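Asker: Now for the letters of each chain:
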Amino acid sequence: MNFLSLFVLLPLLTLAGLWLSKNLKQVHAVAVTGASALLILTVYLTVDFLLQRAAGNTAEMLYTASVMWFEPLNIHYAVGVDGISVSMLLLTSIILFTGVFASWTIVDQAKEYYMWFLLLTLGVYGFFISIDLFTMFMFYEVALIPMYLLIGLWGSGGKEYAAMKLTLMLMGGSAFLMIGIIGIYLNSAPEGGELTMNLLEISKVLIPMEVQRWLFPLVFIGFGVLGAMFPFHTWSPDGHASAPTAVSMLHAGVLMKLGGYGCFRVAIYLMPEAANELAWIFLTLTGISVVYGAFGAILQKDLKYINAYSSVSHCGLVLFAILMLNQTAMTGAIMQMLSHGLMTALFFALIGMIYGRTHTRNIDEMSGLMKVMPFLAVCYVIAGLASLGLPGLSGFVAEMTVFVGSWEHTDMFHRVFTVVACCSIVITAVYILRVVGKILYGEVENKHHLELGDAVWHERIPVVILIVVIAAIGMYPLLVSDMISDSLVSVIGQLAR
Amino acid sequence: MDFNSILTLLRPELSLLAIIIILLIYDLFAGNTAKKYFQPLAWVLLAAHTVWSFCLTPEGTLFGGMFATTQAASLVKAILSLATLIVFLQAGGALAKAESSFKTGEFYVLTLSTLFGMNIMISSGHFLMFYLGLETASIPLACLVAFDKYKQNSAEAAAKYILNAALSSGILVYGLSFIYGTCGTLYFANVPSLLDMTVLQVAGIVMFLAGMGFKISLVPFHMWTPDVYQGAPTSVTAYLSVVSKGAAAFALMTVLFKVFAPMAAVWQDLLYGIIIVTITLANLFAIRQKDIKRFFAYSSISQAGYVVLGIMAGTAEGMTAMIYYILVYILSNLAAFGVISTVENHTGRVNIDQYNGLYSTNPRMAFVMMLALFSLGGIPPFAGFFSKFFIFTSAAASGYYVLVFIALVNTIISLYYYLLVVKAMFINKTDAPAPHFRSEKALVFSLAICVAGIIFAGVASCLYGGIGQFTFGM
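For the protein sequence lines, the chains are A and B, in the order given. Sequential numbering from 1 applies to the first sequence in my numbering. Sequential numbering from 1 applies to the second sequence in my numbering.
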């Protein structure tokens, strides 16, 4: 059995364990055990991956394995990872582990909650380890559907509307994706021979240009919906605002990264010629995402909406950087995925904890929380600073790399968009500092808030872990950036072919 | 043609006939105590027949070409008898009621007779034989629809069904007369070489398609479906929606591939339009439904559109995908109908908003229903995802990208209304959820078969590969 298949098997085992558990205590125990096992496994994978690379293993994908699944269509269950998937797996495990603790206060149907939560992560893990289009797409959809029940059952506010909107928009995206994948599959052997779904094999094939021209937009839009690309981002604010804390964390932190990863791994890697030709269209759209999301965040009063729009802006930057189609910007894009995943998870975790105490997310109804809950407030400030790109935290590293990479293009079009996207950093500073100033500093206006307590142990664990990782990436980015940048060589090679 | 080959090739039909006769006689002569064992006897006999059917009969013709069977046809027969078995296991609760219990024997014999008719229709080698099978299947179904004749709904549904069936059969036979007029023969083996695209032949195909469209309930020939599905007893509705539809779709494909292959351009254009309106209209109507059986009527119309998509491809892959789709559809739909019928029997609830809060009182039933809906909506890792993917791939491989795209957009619409039911059961709050009830063992067993199918029929690739061995293209 392949080592990577553990990433599918362990969530399955955890699901079975949850199903058998009888009370809340057992549910928590099983969930924590499963999440820790996955975290340990991912750390082991990362170390082993780095060691193998250091030992001179230059294969494009490591730990590859392929088992025939549907023989008539030559569909395999094929897995393998490169530096980019490893960093994504690491992100997923961290968010899962912290998310389990962030959901500690859910007691209503906790067993079902954790089961859907684990099913969602199973889809995410499966997606990141797959190198076969069919299994990749299957896991992608497995990750989408639990969102409906997670938001609909355990969410807040206009949850039913938000859940339906999110599910249908994302599934709409996957309709584009499905026809795109079928199209790629049917054109994977233009000179005769056996059709294939294997990413590595298709990447060696030149898909006819006239086919690429219509497949590329389909696939890019399909994944772009999940990456919150303008104008398909509208599910994101509603969905994130209504979802329970840990689901927002996982969704903004990891699930939206599926979009960026897919755009990069399927659309650009397999159809580089069309990417070169059509990048400008999507660059325009993602440029709008970046600025529009930031402006949207300024106008919001609900903490979760602010963060959701901020996610639209940051995830827009991921796609924006990927479309710059050079190594520096793409490294920045993957770094931004990691960085945004971590800090947005931190944000949502903190917002959930603040909401759990004040029972409001409206920034007008809160003030002076620094005096009442200093731990949470300080962490919120740190998250805010990471978000606006303070040097020393992960946000700075990612955004710096992105803009350096974008600036490598010397033509007018790219320069203009780079400058416009850069402006979003200033806007980010506006909405972050405004919120921090409004709710954390000043006098406590609502007297009831004076009686609120600070974070307890199961709230401190996720927050501390996330901050440590954010700072670690900020202080020593080479830890991951080398791994990412090495793996991009083959993609850059594709683009230049 | 010797006696031995009759025994081999006609084996499924003969054993079905034997079961019908045994049950008929048993029902007639059994005393009150022996009557208790009637249903278990029927289940055991049909189960044995189903298992035996999966040992497929070889390819061959009988009676001078009137009867022609292929391995694919014999596989479909086996799948249909499995579906019938599941329907029977689910029917027990409704038949136990005082107003129906004395008609138990009739229910089983009539249902098996329609299955017999469908078997004949599937492996006919001559249009008259085909028509004979079709009618043998239709007429007992009308009786079954009217089974609860004391209910106005049921009687009305039966009247609608018999009138529509008669009309569609008339149109179909009229179309066949054109084919006979221009070709001078009705043998499947001889017609293809005589087809030359004359106006009369084109009219013949159009009428044939219209007639079959009624049976499969494709738009615009679907008008009877919602009323009949709503009025008929739930187990009959289940039977109509899976067995009757699956058999008709497969028979249509056999005839189109075997007989009308030279005129593929004509029927492919026709089906192109029919598929688009079928899937789209049925989905739009399904959104508005309040009654769960009407809801599933429209859902099954749209599913029929996807089934026909497999015919469009005209290849062996398309045929494999279609048989696989029918199998998965049967399992998913019967899981849903099992829940509908047990909820109806124990609580009398048939409206979707009466399903509110079902998960809080009957979590298992709600869970099975959710699996069935997810499978119908094409959500992985359930079987429906795989069957949809394969049918889309086969249609796209024949170049119908636009059609596949329209069908895909429609899966999103269908997902919306399937989620509405999930929402009712899991999310909506209500003061009066359906009370907790215990279902009959047979029904629970049938649901277990369906759930196992929904979960494993997709992931276990051997099933799809196995079907692929027996199929053929144009």
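Hints in this document: simulated from the structure, not taken from any laboratory. Be aware that one or more of the hints could be misleading.
Said to hold, decoys possible - Which bits of chain A does chain B cover? Going by a derived footprint, with three or more residues having C-beta under 8 Å, they are:
hint : segment
1    : 139 to 146
2    : 149 to 157
3    : 165 to 173
4    : 431 to 437
Just so it is clear, the structure is predicted and the values come from calculations on it, not from any experiment. Here a beta-carbon is modelled for each residue, glycine too, at the ideal position from N, C-alpha and C.
Asker: Please go over all the hints and tell whether each is borne out by the structure.
Answerer: Structure-based check of each hint:
Remark: the segment 139 to 146 of chain A is confirmed as covered by chain B, as 4 of its residues place a Cβ nearer than 8 Å to a Cβ of that chain, reaching the required three. Residues of the segment 149 to 157 of chain A with a Cβ under 8 Å from some Cβ of chain B number 3, which satisfies the need for three, so the listed coverage holds. Chain B is given as covering the segment 165 to 173 of chain A, and this holds because 4 residues of the stretch bring a CB closer than 8 Å to a CB of that chain, at least three being needed. Only residues whose beta carbon comes within less than 8 Å of a beta carbon in chain B count, and the segment 431 to 437 of chain A has 0; fewer than three means the coverage is violated.
Of the hints listed earlier, the one the structure fails to meet is number 4.
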